[in-house]
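**Student:** So you can see what is in the structure, the chains are spelled out below.
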Amino acid sequence: MSGTFVGMPAFPKAAHEAVQDLTLRGNLRHATHTIRAKRAAAVAEVSDWALLREAGKQIKDHTLRHLDRYLVQVEESVTAAGGTVHWAADADEANRIVTDLVRATGESEVVKVKSMATQEIGLNEALEAEGIHAYETDLAELIVQLGKDRPSHILVPAIHRNRGEIRDIFAREMGAWGRPAPDGLTDTPAELAEAARLHLREKFLRAKVGVSGANFIVAETGTLVVVESEGNGRMCLTLPETLISVVGIEKIVPTWRDLEVFLQTLPRSSTAERMNPYTSTWTGTTDGDGPRDFHLVLLDNGRTDTLADDVGRQALRCIRCSACLNVCPVYERAGGHAYGSVYPGPIGAILSPQLRGTQSEIDASLPYASSLCGACYDVCPVAIDIPEVLVHLRERIVQGGPVTHEGTKVVLKPAKGHAAERAAMRAARWTFGHPGALRTGQRLASRTRRFHPRTLPGPGRAWSGTRDLPQVPAESFRDWWRRTGGDENGPRPGTADGPAKETK
Amino acid sequence: MRVALFLTCVNDTLYPDTGRAVVKLLTRLGVDVDFPMAQTCCGQAHYNTGYRHEAEPMARHFSDVFGGYEAIVTPSGSCGAMVRELYPRMGERARAEGRGDTLAATLAPVVPKTYELTEFLVDVLGVTDVGAYYPHTVTYHPTCHGLRSLGLGERPTRLLRAVEGLELRELPGADECCGFGGTFALKNSDVSAAMGTDKVRNAESTGAEVLCAADNSCLMHIGGTMTRLSTGMRPVHIAEILASTKEEPLA
Chain F
1 MSGTFVGMPA
11 FPKAAHEAVQ
21 DLTLRGNLRH
31 ATHTIRAKRA
41 AAVAEVSDWA
51 LLREAGKQIK
61 DHTLRHLDRY
71 LVQVEESVTA
81 AGGTVHWAAD
91 ADEANRIVTD
101 LVRATGESEV
111 VKVKSMATQE
121 IGLNEALEAE
131 GIHAYETDLA
141 ELIVQLGKDR
151 PSHILVPAIH
161 RNRGEIRDIF
171 AREMGAWGRP
181 APDGLTDTPA
191 ELAEAARLHL
201 REKFLRAKVG
211 VSGANFIVAE
221 TGTLVVVESE
231 GNGRMCLTLP
241 ETLISVVGIE
251 KIVPTWRDLE
261 VFLQTLPRSS
271 TAERMNPYTS
281 TWTGTTDGDG
291 PRDFHLVLLD
301 NGRTDTLADD
311 VGRQALRCIR
321 CSACLNVCPV
331 YERAGGHAYG
341 SVYPGPIGAI
351 LSPQLRGTQS
361 EIDASLPYAS
371 SLCGACYDVC
381 PVAIDIPEVL
391 VHLRERIVQG
401 GPVTHEGTKV
411 VLKPAKGHAA
421 ERAAMRAARW
431 TFGHPGALRT
441 GQRLASRTRR
451 FHPRTLPGPG
461 RAWSGTRDLP
471 QVPAESFRDW
481 WRRTGGDENG
491 PRPGTADGPA
501 KETK
Chain G
1001 MRVALFLTCV
1011 NDTLYPDTGR
1021 AVVKLLTRLG
1031 VDVDFPMAQT
1041 CCGQAHYNTG
1051 YRHEAEPMAR
1061 HFSDVFGGYE
1071 AIVTPSGSCG
1081 AMVRELYPRM
1091 GERARAEGRG
1101 DTLAATLAPV
1111 VPKTYELTEF
1121 LVDVLGVTDV
1131 GAYYPHTVTY
1141 HPTCHGLRSL
1151 GLGERPTRLL
1161 RAVEGLELRE
1171 LPGADECCGF
1181 GGTFALKNSD
1191 VSAAMGTDKV
1201 RNAESTGAEV
1211 LCAADNSCLM
1221 HIGGTMTRLS
1231 TGMRPVHIAE
1241 ILASTKEEPL
1251 A
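Protein chains in written order, with this note's numbering: chain F, 1 to 504; chain G, 1001 to 1251.
Next up, chain F with everything else stripped away, as it sits in the complex (with noise of 0.2 Å):
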């Protein structure tokens, strides 16, 4: 499995083997069934959660609707406490930033915290590209680095593997980066956990520059905070010389106070954690403690396209806890390798397709792969109708519409593929408008039934594959109705016979 996403079938192709896939269905159903059932019991805890909730949905659209403002605010407050601030319209641009901040401090390596932000722009391999290396610190991004593998979930980029595959991952990958995996390694969670930590060790020992995202920013004091739980974020943080972040714009809040809402519902959210172990702040640089040069990357790269749009601008309320990853009865089937990004599940869903636009294969694919069930509106503690905005997405997709690409309005043309379905979309409208044709409908069916197939040729075998077809009825409801009043036991006066009532 290749390291990035270039090239990604459509959703349905790439989940088709999932789903046959027993081993990745069973590590799946039990990692999200596990973390869905504790995040319910750490979240029934919180008697105002709803209040929680609200108030998170409400900071970070006030925060939205001002993001000029708060922007400029955060460039001042950084730069008044030591740090510097560089703009990155894109990702290429992010990426040059920090190779070329990188390149100035003279190092090769780097050490990297978690952070979503540094995968969506492909920073690791642009860095790899310019013979810098680029380690990363979280076991679970370990795993997936070390294996030459995709991460698959926000959080747990790792889920889709096992103890024994890490453990052969581990043995076998770990010498070609720095300190062997130990001899006779089992897969035991704490012999796991010791390796990477000796492996790892050494780098933060060792690394001169780190490179993190993170959580949030503080826009009244420039703060930015991560919130972990291994550790090593607070390494990557404090040991090196140089620390450069890259943050998505929306990741702002304006005061601590505002910061306080999420710092409850974001680790109950994610790990059901009522606290998470670290929550590492910082602020510019301290002359003697912590990195020297502190560099924050704010990076654009679709937000404000996503911004611009009225109904999907709800997605950048995210705050990457990944609960409507695991409630998703589509993500658990479909794995996460099968949204093509580093954003899978319904968020992923949502944000892609926004972030990238519609226009390659995977992207346009994605607003579909939901029964729209809604447990991830449910579970979302930002409160992301996220049905609500598949179906614009959707709605994008087949009859194309006004969108800002790049910061310029365009309109998009209806996506290719749909020829067919959108005949029969207006074909059921037009029957739909004429409840005769629609009973005609209903009778010829009713009278060809005995020679009905129980499973359809061509696209219907999408049904009948796998689920037998109803048997269509002898008589639809409005002829019964038509025919006896609503009363089995006998016709009322003037409905038996000539025209029925049309009732309006």
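Just so you know, these hints were derived from the structure itself, not from any lab. Please note that a few of the clues may not be correct.
Said to hold, decoys possible - Now the in silico label distances, taken between C-beta atoms and shown as ranges:
| # | chain 1 | residue 1 | chain 2 | residue 2 | range |
| --- | --- | --- | --- | --- | --- |
| 1 | F | 400 | G | 1105 | 21 to 29 Å |
| 2 | G | 1088 | F | 104 | 51 to 59 Å |
| 3 | F | 62 | G | 1209 | 48 to 56 Å |
Here a beta-carbon is modelled for each residue, glycine too, at the ideal position from N, C-alpha and C.
Dock chain G against chain F, hints included.
**Tutor:** Relative to chain F, chain G alone:
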């Protein structure tokens, strides 16, 4: 009270027994039920597949047909949710597109008086014991739009528990989607089928004879999976159970 039955196009065409059961049940409870013959489809499949503009004339038609009634009752959680949750949103979107308040104003009257069947029974008629008799073991699957969009909660199971002779068995993973999802069942048939199989296996594990739900579209998918997997279970709409009596048991 002048009550209109909004049966839905799927029930009208494929599941007339459910419609007959609703009429029988409501008539038994003293409700005067009418079936406006001009009714067709609420537009849900169009809307959810991305054809909102195609769904608009269907929504206007719905409002024309049903606007004059005091209450509109439907034996479908998802079609009920279409009217209650998505008709107002269609109005908002039309307004956002610069088309004024006309659509919102046209649809507004039908929104608050549209009830899913179990809501109508429990909230409007105030009954949980409808005098039904159904001597079978039953497990209940709360369909997604009934559960999460309409918030039906305990209403269906309260009604089922009051049915004489009925033994209700709890369905493991009850609140997980069955995998139907309208056009999702065709566009992502592999995942849809995998979800359906898991739902059927969970239902089988209860040992119940019947899987009951308040939406025939989901039951079409679950039932089709049941027969394909040769389980002994059968899908039955809640209206048919509630309509069944000792004198006239469900066939």
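**Student:** For every hint, state whether the structure bears it out.
**Tutor:** Okay, the hints, checked on the actual structure:
Remark: the range hint 21 to 29 Å for residue 400 of chain F to residue 1105 of chain G is upheld by a beta-carbon distance near 28 Å. Restraint check, residue 1088 of chain G to residue 104 of chain F: a C-beta distance of roughly 56 Å satisfies the suggested window 51 to 59 Å. One distance hint, 48 to 56 Å for the beta-carbon pair residue 62 of chain F and residue 1209 of chain G, holds here, with the actual separation near 54 Å.
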